[in-house]
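Asker: Work out the full structure, taking the sequences as your base and the hints as a guide.
Protein chains: 2
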Amino acid sequence: MTTDENLAAVVSTTQGDYRVVVGRGVIDDIGPEMKSAGLSGRAFLVADVSMFPTAVHRTHEALERAGFVTNVMTLELSERVKNMETVLDIYQWLSEHRAERIDTVVAMGGGVAGDLVGFVAATWLRGVPVVQVPTSLAAMVDASIGGKVAVNLPAGKNLVGAFHQPKLVLQDVDHLKTLPAREMAGGFAEAIKHGLILDADLLDTFEKNADEMQSLETDLAVRTIRRSVQIKAEVVSADEFERGETRILLNYGHTIGHAIEAVSGYGEYLHGEAVAVGMMAAAGIAQRLGMIDAELVDRQRAVLQRYSLPVTVKGVTAEQLIEATKTDKKNRGGNIRWVLLEGPGKSVTRRDVPEDVVREAVEAVIE
Amino acid sequence: MTTDENLAAVVSTTQGDYRVVVGRGVIDDIGPEMKSAGLSGRAFLVADVSMFPTAVHRTHEALERAGFVTNVMTLELSERVKNMETVLDIYQWLSEHRAERIDTVVAMGGGVAGDLVGFVAATWLRGVPVVQVPTSLAAMVDASIGGKVAVNLPAGKNLVGAFHQPKLVLQDVDHLKTLPAREMAGGFAEAIKHGLILDADLLDTFEKNADEMQSLETDLAVRTIRRSVQIKAEVVSADEFERGETRILLNYGHTIGHAIEAVSGYGEYLHGEAVAVGMMAAAGIAQRLGMIDAELVDRQRAVLQRYSLPVTVKGVTAEQLIEATKTDKKNRGGNIRWVLLEGPGKSVTRRDVPEDVVREAVEAVIE
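As given, the protein sequences belong to chains A and B, one line each in that order.
Note that numbering that gives the first Met the number 0 has the first sequence beginning at 0, numbered continuously upward.
Note that numbering that gives the first Met the number 0 has the second sequence beginning at 0, numbered continuously upward.
As the list makes no split between identical chains, a pair holds if one copy fits it or if it spans any two.
Here are the simulated lysine to any residue pairs, SDA-like style, with alpha carbons at most 25 angstroms apart:
no., residue 1, residue 2
1, K325, I101
2, K34, N334
3, K156, G126
4, K313, V262
5, K156, E84
6, K325, E95
I should point out that these hints are in silico values taken from the structure, not numbers from a laboratory.
Quick caveat, the model's predicted, so the values are computed rather than measured.
Answerer: Pasting the structure below:
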């Protein structure tokens, strides 16, 4: 087991508690960490084919070294194939190896790996243990924690899924070294978001150490990522099923962000990029409602730009984006629940935002 | 809401508590029952096409009468199509109607309807409420309670599924009037099993009132079914995830029962018929181990025969059945956990049964 210096959080859920470990080289500790989480049986490691083979191999070795007999499947795990056919391929592989209830599925890759392989684990034999090994920054600070798993249908994204909490989330910061710069930036959008909505100190750290953060070379960088992860873990512990107020706050920037993704066609903007623009639109709404001043809006814009994130969007109209927010499945049957800042590190939800305010704020983020 | 005379049990689970209602004509109360379970939104009624259209129509009307805007889908829900393709068909229908998280799926039909439609509800939008309206005796006394939902893969039965507790289980005994006699008998196997393993008085009632029970005409018949349902509900409340000792007891007769189904090819014997023979094999084991006397074995045989259930099997060998018990997914990786009687209404699990004792007992139930 890793030293507790690397422990970002213990997430507390109805399906049990689990450790979220964030550090350099922690993948080598996956075996002892799994044992201390009470896992035995075999390991079924499902890895995104875009991972470096050496990284997958190192995980495999670390599992075997701790006594976990391990089978490895590498396959494409991208948004394009985040569907039921890929799920059926993995079921087939599990059935060939007669994977049992005491065995553990290990999901290694970006957000799609966590979502799709997590869904397989949620449903294979009515649910087997899953360990999340996210390898993108976005998956680390966001999707890997909280048990939300899903796949797409032709009719829409993430329509089929489950709440299936992992037994362990292991985040090796060294995996980020090979992440493309644009994906890295997308991850920072979610990481910085945690500062904006809930932790002014974290926001401050992101602002003052932008170069150091993006180089990922220092302890401060690792500690800051760990703190962002911790916020997500705290929110999930407080609101496991997204029924309360707290977990909704994580959707800051996502209302317009989702609309940008839907209108521009998925793939044009990375999720984090769309969220960055969405956060600018939300900040514009909050400013127009007198909740925050122009200084905080400028501050948010500056920090996003320092991390190479877009703060405006092109090729779409305000009309299209507003229409898209209304057909979003989260917003059906009622007024949209906006997440808005009240100050640095302070946010609330509001349903009473007039449509003309939304329109003005959205127009302001369109080039 | 129905009078509490019809209330068989309130099942207590980590996903919430729910009522199990058993009575004549209770389908007319589905609307108020759903409301009192806290359900609102629309209803998506998925019914087995083998149901009488009038029965489906009556449910539809009862839902609308209580203010639930209702969509109805009828389709084949048999073991043959208990697969992911049928699941995808229902997802498609739900997406066409934009079914949301606050809407309720109502599963109406036999065991496959509950399992498959329940799995759809468990995974649509990461889980929406489901109401179980079982219409076969087997589904009433067994599968509809406890939240176990699943579908088959080419590689095996029930390999994919979830624990998704219903918000309400509504059992209208009038639905049994049109059930084929053989299926009715199969249901009695499970109902009588509850008496054998946990309730000597219930066993006694089944023995003394066999004609009355099978006619289903009297209050005693309804009360006895309700009592059998109640036992299942109590066991589920005590051991929601099948981790303890209690829920395993419900598998009495199932080790050899599953083997009979697998070896003879699914469809040759109904599940309840195979379980009846399996209970005879298990009784033979218990007798050989000195746990029960010949009188109880004879008593069990007599009551099963009174309900037109088989007590022997043909066309299979002991060797085949024993081999099949070893490849059953529940029994992998260790000794088989047998459920055995200690007396009327008393059962335990044992792992130390010698294979030659099993062989003798199995040979004794082969014609």
